[in-house]
Amino acid sequence: MKFLITPIKTFGRYLQLMAKVFSRPERFRMFFKQYITEMQKLGVDSIGIVLMISFFIGAVICIQMKVNIQSPWMPRFTTGYTTREILLLEFSSSIMCLILAGKVGSNIASEIGTMRVTQQIDALDIMGVNSASFLILPKIAGLVTMIPILVTFSMVAGFGGAYAISLAGILTPEDLTYGLQHSFNQWFVWMSFIKSFFFAYIIASVSAFYGYTVEGGSVEVGKASTDSVVHCSMLILFADIFLTQILS
Amino acid sequence: MIEIQSLYKSFEDREVLKDINTIFKEGQTNLIIGQSGSGKTVLMKCIVGLFEPNQGKILYDGRDFVAMNKKEKALLRREMGMIFQSAALFDSMTVLENVMFPLDMFSSMNLVDRKRRAQQCLDRVNLIDAQEKFPNELSGGMQKRVAIARAIALNPKYLFCDEPNSGLDPKTSLVIDALIHDITVEFNMTTIMNTHDMNSVMGIGDSIIFIKEGHQEWTGDKTQVATSDNQALTDFIFASNLLKKARQAFV
Numbered sequence: 001m002k003f004l005i006t007p008i009k010t011f012g013r014y015l016q017l018m019a020k021v022f023s024r025p026e027r028f029r030m031f032f033k034q035y036i037t038e039m040q041k042l043g044v045d046s047i048g049i050v051l052m053i054s055f056f057i058g059a060v061i062c063i064q065m066k067v068n069i070q071s072p073w074m075p076r077f078t079t080g081y082t083t084r085e086i087l088l089l090e091f092s093s094s095i096m097c098l099i100l101a102g103k104v105g106s107n108i109a110s111e112i113g114t115m116r117v118t119q120q121i122d123a124l125d126i127m128g129v130n131s132a133s134f135l136i137l138p139k140i141a142g143l144v145t146m147i148p149i150l151v152t153f154s155m156v157a158g159f160g161g162a163y164a165i166s167l168a169g170i171l172t173p174e175d176l177t178y179g180l181q182h183s184f185n186q187w188f189v190w191m192s193f194i195k196s197f198f199f200a201y202i203i204a205s206v207s208a209f210y211g212y213t214v215e216g217g218s219v220e221v222g223k224a225s226t227d228s229v230v231h232c233s234m235l236i237l238f239a240d241i242f243l244t245q246i247l248s
Numbered sequence: 249m250i251e252i253q254s255l256y257k258s259f260e261d262r263e264v265l266k267d268i269n270t271i272f273k274e275g276q277t278n279l280i281i282g283q284s285g286s287g288k289t290v291l292m293k294c295i296v297g298l299f300e301p302n303q304g305k306i307l308y309d310g311r312d313f314v315a316m317n318k319k320e321k322a323l324l325r326r327e328m329g330m331i332f333q334s335a336a337l338f339d340s341m342t343v344l345e346n347v348m349f350p351l352d353m354f355s356s357m358n359l360v361d362r363k364r365r366a367q368q369c370l371d372r373v374n375l376i377d378a379q380e381k382f383p384n385e386l387s388g389g390m391q392k393r394v395a396i397a398r399a400i401a402l403n404p405k406y407l408f409c410d411e412p413n414s415g416l417d418p419k420t421s422l423v424i425d426a427l428i429h430d431i432t433v434e435f436n437m438t439t440i441m442n443t444h445d446m447n448s449v450m451g452i453g454d455s456i457i458f459i460k461e462g463h464q465e466w467t468g469d470k471t472q473v474a475t476s477d478n479q480a481l482t483d484f485i486f487a488s489n490l491l492k493k494a495r496q497a498f499v
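Going down the list, the protein sequences come from chains A and B.
Those letters in the first sequence? Residues 1 to 248, by the working numbering.
Those letters in the second sequence? Residues 249 to 499, by the working numbering.
I should point out that these hints are in silico values taken from the structure, not numbers from a laboratory.
The reader is advised that the hints may include incorrect statements.
Ranges of calculated distance between the beta carbons of each label pair, as one might list FRET restraints [said to hold, decoys possible]:
no., chain 1, residue 1, chain 2, residue 2, range
1, B, 475, A, 215, 37 to 47 Å
2, A, 76, B, 340, 46 to 56 Å
3, B, 480, A, 215, 23 to 33 Å
4, B, 300, A, 4, 54 to 64 Å
Glycine residues also receive a C-beta, built at the ideal position from the N, C-alpha and C atoms.
Based on the provided sequences and hints, a complete structural model is requested.
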């Protein structure tokens, strides 16, 4: 029964923490200061890695489609079309958020975990500050705000990577461009944004939970950081199944 | 004044604090001493509300902290300042921002006044020149002094110090002790300090409570420590052979 009780207990503790997190900030001035900082730290600082990974993945998807899917029996725009669908439907939201779970999630868990073991959170509590809300709410709000921008950057960089491949002569830019525009469904972009809001919430809140509940020292902070990445990734994958089913 | 009445605390089946009854007076440095693991940190954490006691009352000038709701506790906490063993400074903030933090959160002052008040506190601990530095650029003693400045920024009525001399050399420890004692008298605060530093005991122990295995073994002050006939206290205070001989000569 322990394998059932432990996750239920953990989920209960997570809900208790979230109840503390979603309370009115004591000082909106301080909240906005933290919010802006978190948008910069979690969002703006992630743009580089998002652009780089998306560019190369876009290029690789384009090559794979051309080499493995394209045949004389299929229209020449198939490569561009399938590349677009993969980037819009899955890569720029789900896979990009899995990557962010590693970068941003471990950052959040280790930052809050270190604050816990060095008694900085105790110091906030003793001052009468709602430490959970003060530390976690700006992170959730900051990442949820920045995620559509990151998703947009990811889509653009992915298409850029595919276009770079077409310039290298693997397929013509005209075929790629036609394929990218063929039967375009705007809803897929919105779907990507909607999914990413949920994933951003999962990354920020689950990582913060693992950091906030650390007990011990540096070893436990490292473990919390790893646990947060593993659990965020699993939850994103599960959520992806349900969201894709609901939104499609 | 803080009064503790019949305080008990246990973790699962292990009883850590047993029937603690004491009064910590204002304008005095009240020390809690005892061996590592004796329960003094747990006692302090119960007093400040980081742990919930199983039984007993903690009266802050007659107000029972244990019986308060969350909102009342949060309000009372604004009258508290705490200095942690590790200083617990926010390492993403400069020294000045650390000291300004409680003012930013809870005072209605404007930015200029908040900054001025924080600088006054830093000046009080002789660290005005370090205001733009980050905590990791400071020595252990300087970090403790910043923690003191942050703790007194809101003029607290109650000051708690959890082993503030831990990890400091004897000379710096004396500076920290003197600072805590002077601030206590100057602001007429109720100061409670956890320590096993004998210099602190002999130097600033206006009132001392000795905890042994979770119960209150002895209470007194710095003038009574050396002559006390409590064997457990004597064994703790005069642990080394050198101090034992010094005590024999003194007595």
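Comparing the hints with the structure gives:
| no. | hint | verdict |
| --- | --- | --- |
| 1 | B:475 - A:215: 37 to 47 Å | holds, 43 Å |
| 2 | A:76 - B:340: 46 to 56 Å | holds, 54 Å |
| 3 | B:480 - A:215: 23 to 33 Å | holds, 31 Å |
| 4 | B:300 - A:4: 54 to 64 Å | violated, 28 Å |
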